Amino acid sequence: MSCFRITATLAAAVLALAACSGGQSATSESAGASAGAPQILTVYSGRSEELIAPLFAQFTEETGIELAARYGDSAELAAQLVEEGDASPAAVFFSQDAGALGAVDAAGLLAPLPAGAADAVPPDYRAPNGHWTGVTGRGRVIAYDGEQLTATEVPTSVFDLTDPAWKDQVGIAPTNASFQSFVTAMRLTTGDTATKAWLEGLVANGVKKYEKNGLILDAVDTGQIKLGLVNHYYWYEKAAEVGPENMRAQVAFTAPADPGTFVNVAGVGILSGAANNPAAQQFVSWLLSPSAQQWFVENTYEYALVPGVAQAEGLPALDSLRGPDVPLAELADLPGTLMMLQDVGLL
Amino acid sequence: MSRHGQAPRTLVALSGVTALVAVTPLAYLLIRVLDAGPEKITSSLLRSRTLTTTVTSIELVVVVVAACLVIGVPVAWLLARARLPLKGLWIVLAALPLAMPSYVAAYAWIAEFPAMSGFWAAALILTLVSMPYVIIPTTAALRSIDPAMEEVARSLGRKPWSAFWFAAMPQAWPAAAAGSLLVGLYVLSDFGAVALFRVDAFTRVIYTSYRASFDRTSAAVLAVVLVLLAAILIYAERRVRGRTARWRTGSGSARRATEVDLTSRQRLMAILALTGLAILGLGVPTFSLLRRLSEGARRPLDLVELATATANSFGVSLLGSLLAVGLALSVGVLAARYRTRSSRALEAVAYSGHALPGVVVGLSLVSLTLIVRPAMYQTVAALALAYAVLFLPKSIGATRTSVAMVPPVLEQTARTLGRGPLQAWLETTFRLSLPGIAAGGLLVLLTAMKELPATLMLRPTGLDTLATELWSRTEIAAYGAAAPYALTLIAVAAIPAWLLTRATDRASRSADGDTEAPARPPLSTVGA
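From first to last, the protein sequence lines are chains C and A. Counting from 1, position 214 in the first sequence corresponds to residue 768 in the numbering used here; the numbering is continuous, with no gaps. Counting from 1, position 119 in the second sequence corresponds to residue 168 in the numbering used here; the numbering is continuous, with no gaps.
Next up, chain C with everything else stripped away, as it sits in the complex:
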């Protein structure tokens, strides 16, 4: 029975430890409830902790408001928020993409942002009903194998990807929100028939499906495939991790008028339970301030949406990336896109 005794002692020790750590979070949450104590704002963040925690720390330093950030996948957080409904402890939802914000808004859970807070953001990048706003822009690019292709050989239009020359050499992430938003935008600009024909062309050309953009970039970086459709900042993030000289993959933007040149946004909205919470409103305004926007440019290599902030080196100007105007809020027909992707067999 000595094994039992050892386990029992371990259990007692760890229970004490767990009670401590559980106690800490309990006290911090109850501190948030009391008025005079340092304010605590609960944020549900679809953005990764690795990336965004330093920014949150900066906010706390500047304003004194503590952030209790809950990290997760944007879509799963959206599902959780809808499941929680009015009982949600969250005050702010900082989403990796506009689709998740739209879904939470459609469930009636977002409160209007304070008047004028998001005025600096171009109308195309925020909700017309004022319930959410984009914070940074994420451009679609083609990642290509730098060893096998030169920059001039890379197609300048996504329509070229169905060319037999690229058979079995193209990677996409059909379950990824960015890809789906891009397809929805393509449907709006070029029409359903052309988009469906393009998707079918991709499938016939042996397109490879990946779960995430990061995996596509890895595949291009190891020479598994020659081309991949990803968001622009993935390359910059990986280069920061391993060094740009070690990157086999390179990125290229498609022509400005091409549907492939599409910009999605990471955005933020205030939950209806925190509609009059000044801390939440301050957080939203702060994210759109020049210093925060500059932080994004320098650390995540995304596009600042507020004019007047310098973009990262080497990136084409944001204005040049928009094809025919596609306001993000109009990308509400996600179910239609999903049906189309399912019909062609990509989902």
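For the record, the hints were derived by calculation from the structure and aren't laboratory data. One thing to keep in mind: the hints can contain errors.
As the list claims (entries may be wrong) - Calculated lysine-lysine pairs in the DSBU-like style (CA-CA distance at most 35 Å, straight line):
1. Lys-89(A) - Lys-750(C)
2. Lys-762(C) - Lys-750(C)
3. Lys-763(C) - Lys-89(A)
Said to hold, decoys possible - Using C-beta positions, here's what the derived DEER-type ranges look like:
4. Ala-705(C) - Ser-343(A): 29 to 39 Å
5. Ala-131(A) - Pro-608(C): 53 to 63 Å
6. Arg-96(A) - Gly-639(C): 23 to 33 Å
7. Ala-285(A) - Ala-811(C): 51 to 61 Å
8. Val-353(A) - Asp-746(C): 50 to 60 Å
This one's a predicted model, so the numbers in the text were calculated from it and none came from an experiment. In this text, a Cβ means the ideal position worked out from N, Cα and C, and glycines have one as well.
Model the placement of chain A on the given structure of chain C, informed by the hints.
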């Protein structure tokens, strides 16, 4: 020999509570499905993609279970019966893959062999990671089987192998079958490996419904299919397990079987096989992770963050495991002692949620805590409850089997000597079956440490486990930063895996020469 009399009402009531807790995810699914309406249900189910992905999932289950049995049972025989050097080391190595989450193993293999993808790659990884579910219980069962039956078979003219196969193996089949059930349910619910290898399995369709379309209703409809598949597996395992008794009913002493001597060539081949298995299951992923580790990361490793995550992982998993064992006790005892229809039904209900992907269980518990006790939402208690619900079957199986190994006559004797019912039970059956129950608890502990989707949803804001930290780094492809967390997770989970093998070893070793009581119940069907 089991009682068919009336089960004590308190026992049934307690089991009812456990079943109620276990049925939460199913109840959630049912409510969502009823929300959906018949049109949506039929359109979700009858899509051709649903059919093809279901078939792929079933094929994956069949292949992985078959591989685990075909490789696992002979390995179990080697570990239980053959005379090999460093036996203890091989047993531990055979159990250690349990410490490796499937998504870590998959991503480590892809890092080494980027071309790996598809059905067979996923089948390989899932087999390597879940083989211990078959090996451990079968080894324990083989070690504790009384050799008398085999000797009788030999004396009646059978050759050694034939005697083993027809006399001894039938006693070990239930252990192997129970292990295969867990393997099958695990393969059905796994998302990490199939997603990384780009296999169009059923879980992928469910996750797509949640992530891509925020559509909880059609995802719920699809999840019901998984429950049905799980029910089929559970029924199949029941048939194989049968109704045989597990303890000696005659006189005489129980002995351990003597070890078989192998020729030096056979011994070499056995060692090569075991080494090969260890390299594939442990060596390759660990090497790959170490390589990523050396490639560096953007932010330097924060040791405090790592230590906190480790303590949290261990602490919450331990709570979950204790809760699971507590809840499983009543159902396990009921199923072992009173084999009535209702006890079997209760057991089946408790198992049924095991095939569900973590995201379904997570969302169902979000609903449950918010409805029943909102103050408990996003607390350590809710997370421990989630783990208990998710991994209840592992504990039930272990409890049921170890209790079934103890003859009721001991308890009855204690009663005649004047002990009260509860005291008699505690001093006899409970004490003897404790190693098996503890093994079930260790298994739950181990699996809870690797759990991801439900943890993400239910943990208190700010509490990170090793699994969530690992996930947040791989999400942004920061593999160099993820490697230390992956390695720590494997190292920490290896502790309960190792304890599991030690307990098994001790239990079967103490079965020598005991003429008064039957052999102490081994940790067979750890996963049963």
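Comparing the hints with the structure gives:
1. Lys-89(A) - Lys-750(C): Holds. Lys-89(A) to Lys-750(C) sits at ~24 Å (cutoff 35 Å).
2. Lys-762(C) - Lys-750(C): holds, 17 Å
3. Lys-763(C) - Lys-89(A): Satisfied, since the Cα-Cα distance of roughly 27 Å is no more than 35 Å.
4. Ala-705(C) - Ser-343(A): 29 to 39 Å: Because 32 Å falls inside the window, the suggested range holds.
5. Ala-131(A) - Pro-608(C): 53 to 63 Å: Taking Cβ atoms as reference, Ala-131(A) and Pro-608(C) lie about 56 Å apart, which means the hint holds.
6. Arg-96(A) - Gly-639(C): 23 to 33 Å: holds, 29 Å
7. Ala-285(A) - Ala-811(C): 51 to 61 Å: Cβ of Ala-285(A) to Cβ of Ala-811(C): about 59 Å, so the range 51 to 61 Å holds.
8. Val-353(A) - Asp-746(C): 50 to 60 Å: holds, 53 Å
Every hint, counting from the list given before, is met by this structure.
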